[in-house]
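Following UniProt numbering, the numbering of the sequence shown begins with 1 at its first residue and continues without gaps.
These aren't lab readings, by the way, just hints derived from the structure by calculation.
Please note: incorrect hints may appear among the correct ones.
Unchecked claim - Across the chosen pairs, the derived CB separations fall in these ranges:
#, residue 1, residue 2, range
1, PRO63, ASP244, 33 to 41 Å
2, ASP13, VAL266, 15 to 23 Å
3, GLY62, LEU246, 24 to 32 Å
4, GLY259, PRO112, 35 to 43 Å
Note that CB positions come from ideal geometry on N, CA and C, so glycine has one too.
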Amino acid sequence: MPGRYPVTFGEVDLLQDLDRSSGWVISKDGVPQSYVDLDDPTYLDFEYVQLMAVVIDLLGEGPLDAVHVGGCACTLPRYVAATRPGSRQIVAEPDGDLVQLVRDQLRLKSVPRLKVRVLDGRTATAGLQDDSADLIVLDAFSGATMPIDLATSEYMGDAARVLRPAGTLLVNVADGKGLAFARRMIATIRGTFPQVALLAEPGVMRGRRFGNLIVAASRVELPFAGLTRRAAGGLTQARCVYGDELVNFVAGARSLNDGDAVVVPVPPPAVFG
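Please model the entire structure based on the sequences and the hints provided.
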């Protein structure tokens, strides 16, 4: 049922999509957190999620062993389960009451081979076995900001430990004018993963407006040509930057490390208003 619900870390609004009767949005403090279509898990409403799906679609064929750091309504786990039957997935979501709400209201139990662990991302990742995942999706936010402990070199090293040699890390980064945080985040990821691609809508990529940037990273070569083609041809009309162009984009930005004093970007009120 639509309404406002108490969760472990505050309150969330559960809203029904007026245009799609099976579509539901979870919002917190006025910031949309997740959109799911209960009848069609392949329908992805948020543009940045569409870009993440582009990456996932190009990761070979067959089922994946996937870890999702940040869950909310579990949009991408539902997508992976629908498009790659047989996938085994783990979701780390620290808000236990939110997990229960999604189970009760949004059919989470119907997603096959999905395990949800009520843990923060750092703790959950530390508890995973070496070389156990084909994909790690990092899409963790507290309201509209990313937990800084999931953006550091130390965390990237632990993610690399969990990923198989040909595994892929997929990260949602939010940033605005100047993209200072995104540049440091990409520099941090490149310190662990030599193959990196950045996907974003051109206005966001140029730092003209606040928005989401998607980073794909691996220790083996990524499907750059496919990413470029699919990103440009999708509904979002995004750019894909890699290689020398990405080196220029980072432009000497310093890596993030545990203990660094970092200002995490916060979207201006007009973004969601």
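_Hint by hint, where does the structure go against what was stated? Just the numbers, ascending._
Violated hints: none at all, because every hint is consistent with the structure.
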